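Participant: Residue numbers (UniProt numbering), protein chains in the order written: chain A, 1 to 258; chain B, 1 to 258; chain C, 1 to 258.
Worth flagging that the hints you see were computed from the coordinates, not collected in a lab.
Because the structure is a prediction, the values reported are computed rather than measured.
Incorrect hints may appear among the rest.
Which copy? The list can't say, so a pair holds if one copy fits it or any two copies do.
Straight-line C-alpha distance at most 20 Å; calculated EDC-like pairs for lysine to aspartate or glutamate [claimed, not checked]:
no.: 1; residue 1: Lys-7; residue 2: Asp-210
no.: 2; residue 1: Lys-105; residue 2: Glu-50
no.: 3; residue 1: Lys-186; residue 2: Asp-8
no.: 4; residue 1: Lys-7; residue 2: Glu-255
no.: 5; residue 1: Lys-83; residue 2: Asp-109
no.: 6; residue 1: Lys-101; residue 2: Glu-50
no.: 7; residue 1: Lys-46; residue 2: Asp-102
no.: 8; residue 1: Lys-186; residue 2: Asp-249
no.: 9; residue 1: Lys-46; residue 2: Glu-68
no.: 10; residue 1: Lys-186; residue 2: Glu-224
no.: 11; residue 1: Lys-105; residue 2: Glu-45
no.: 12; residue 1: Lys-46; residue 2: Asp-98
no.: 13; residue 1: Lys-209; residue 2: Glu-153
no.: 14; residue 1: Lys-83; residue 2: Asp-206
Here are the chains, one letter per residue:
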Amino acid sequence: MNADLIKDVRRNNPLIHHLTNQVVMNFTANGLLAFGGAPVMAKAEKEAAEMASAADGVLINIGTLTPEELPAMIRAGISANRKGIPVVLDPVGVAATDFRKDAVKQLTDEIQFTAIKGNAGELAHLVSTPWEARGVDSVGDGDANEVVQSVAETFQTSAIITGKTDFIYTDGNLYTNDSGHPLLGKITGAGCLLGSIITACLSSGDAAKDSLLTAVSFYGHAAEFAAQQHNVTGPGSFSPMFIDALSLDPAQLQERKI
Amino acid sequence: MNADLIKDVRRNNPLIHHLTNQVVMNFTANGLLAFGGAPVMAKAEKEAAEMASAADGVLINIGTLTPEELPAMIRAGISANRKGIPVVLDPVGVAATDFRKDAVKQLTDEIQFTAIKGNAGELAHLVSTPWEARGVDSVGDGDANEVVQSVAETFQTSAIITGKTDFIYTDGNLYTNDSGHPLLGKITGAGCLLGSIITACLSSGDAAKDSLLTAVSFYGHAAEFAAQQHNVTGPGSFSPMFIDALSLDPAQLQERKI
Amino acid sequence: MNADLIKDVRRNNPLIHHLTNQVVMNFTANGLLAFGGAPVMAKAEKEAAEMASAADGVLINIGTLTPEELPAMIRAGISANRKGIPVVLDPVGVAATDFRKDAVKQLTDEIQFTAIKGNAGELAHLVSTPWEARGVDSVGDGDANEVVQSVAETFQTSAIITGKTDFIYTDGNLYTNDSGHPLLGKITGAGCLLGSIITACLSSGDAAKDSLLTAVSFYGHAAEFAAQQHNVTGPGSFSPMFIDALSLDPAQLQERKI
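Can you build the whole structure from these sequences, using the hints too?
Facilitator: As structure tokens, then:
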């Protein structure tokens, strides 16, 4: 983890334009605010390009996609590509329905993503590797390291598979991260908010490797920190403490006490 | 309350497909996750049937319904009927507008609901019994036991009226439940999340009576438990503790201390 | 602050119809419930007028506006004008895109707003005063007192600019409010929820000056109260305590301890 990169992000307070799912909008906005970014969320096609062109990064998450929202996503992504700002894809539940498969095909055809992140089942689907999924969750087991490399090479992007161990493939190299906590799997939107934090870190302009490893490592440490606060007794009380932890400095997270 | 039924639900980790309102999506997802289910939320017509066919239960809640979402609800419900999984209706605010009345008429015409749940005013409206409502809240007083039986018989379903006392009518019998806490009435989505928990319990395959009574009884006890934690000082701090309580075992709820 | 006005609002439990953004719906509903109002949120054009005609006030917030939602907002606002209930506009991020500019133009052309509230950049835009904005946030500095008066006179309404100091212009007079806490700027939807509280206070029928000053003053004091509770360690833990504080009496807020 590169603590200076987090300081840079917080100094820049990057404006991240989200086209994300309705379940996690509030949690994502609060998490990014705590981390040090500035969220904007808009989904009308008419303003997608203009909003993206004013932003420092764009996150596209298809969790509750409708046909009306897809053109807005495409316009925002193209606008981000033109401006040269990072644009990140979270293909939530892509393997669940044909509608999502087709949508992700269109998105990856039209937009050059800076990073694609998801669980193992979602990324496996993108490269036609069999994997057991269920709804929007990945439940199978397989060679995540091969999948993440394959996604990165197929879409000429950085790729991140999140899970107990996170797999990151960027610039021809594979990295792993083991920070994190099981409570992240008991709250909705933990993966979605990470997509937002990743986008914010990528906007720092540092090397993708530094940005991605810092984002996933910090995120996991914040979860570990939050989980061991004395007033956390389950996923409900974990959630606000996790938001608090996202606002701390890496050094504070290691002290393990607010 | 049948503690084994809750264990069964948690072991099965049922995937519940929600077509629900935007106000409560996050709270519902977190509550169902804590309880032991797996939420998926999607509202595009194009994927509604496919998503429902992969699920263990479907919840339809019209709280922020739009005309675009209604066909998705109908498709998901029909798909659930075909697969033989439970499908539950929460007719939020049905008495408030003609749009909602017409929508519920279509839904009940096209879908055989396993259960219909709501407050007294909502269920009274379904069987044309006068009742005082206001916005999406029921404020009147009347013969809830007659209304719940009438709804059950009219729609050939189980029916649940929630309130200070819950009324449950299923398989020709009326039951009541008195667990609960006034703070449930001070947070948004308490009834909506209960719909999700009911759907999860119905997916257990146990008798409807057991599933419904277990769901409402456990839910109320979890609220009582949460309300008396020392750090709960109002509806805001109640909410995360309630989510925590939903993850506990029935025996733990009786000990009254996490 | 007029403590009796807050008592009146709580006794009336006003039904406030929200056409608001998806990011803040849950937080707004819970905040208004805690304060003593009754939220309803609906956005279908087909029911907008009918829902508004049953309400005690209407709040229109364009934070995640889509073209489909605009006609519903207009119908709800016209319905509120006909019934003579307050209707409040929160032009979130209006300066960010042409789509929002056009939408606000239509809204202010068709609806006579009782109050227009926003940050300095948003209100400056409404009267074509240059101001630095970024996404949906106002970051510039300028003569807020001139802007607030200009908005009030241009749209024949009360106007409120929120910020470190709040500026309120109503009935030809300028007022300021200094209660508040920096943590309000670290959670999403703090301004949006204030719009809801303002609408509730305006529904009391008291003088606009009393309603507006009471709303902003109480809101800020509640934030100050919440921020100093011992278990608040950041924006995540602040949020539920702030909801709790909104349910307190003004006298309790001054004692500074729940």
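Participant: Now look at each hint and say whether the structure bears it out.
Facilitator: Status of the hints after comparison with the structure:
no.: 1; hint: Lys-7 / Asp-210; in the structure: within (13 Å within a copy, 44 Å between copies)
no.: 2; hint: Lys-105 / Glu-50; in the structure: between (24 Å within a copy, 18 Å between copies)
no.: 3; hint: Lys-186 / Asp-8; in the structure: between (31 Å within a copy, 18 Å between copies)
no.: 4; hint: Lys-7 / Glu-255; in the structure: within (18 Å within a copy, 38 Å between copies)
no.: 5; hint: Lys-83 / Asp-109; in the structure: within (18 Å within a copy, 35 Å between copies)
no.: 6; hint: Lys-101 / Glu-50; in the structure: between (27 Å within a copy, 12 Å between copies)
no.: 7; hint: Lys-46 / Asp-102; in the structure: between (22 Å within a copy, 11 Å between copies)
no.: 8; hint: Lys-186 / Asp-249; in the structure: between (25 Å within a copy, 16 Å between copies)
no.: 9; hint: Lys-46 / Glu-68; in the structure: both (11 Å within a copy, 12 Å between copies)
no.: 10; hint: Lys-186 / Glu-224; in the structure: within (14 Å within a copy, 22 Å between copies)
no.: 11; hint: Lys-105 / Glu-45; in the structure: both (19 Å within a copy, 19 Å between copies)
no.: 12; hint: Lys-46 / Asp-98; in the structure: between (26 Å within a copy, 9 Å between copies)
no.: 13; hint: Lys-209 / Glu-153; in the structure: within (15 Å within a copy, 54 Å between copies)
no.: 14; hint: Lys-83 / Asp-206; in the structure: within (17 Å within a copy, 51 Å between copies)
Every hint from the earlier list agrees with this structure, and none is contradicted.
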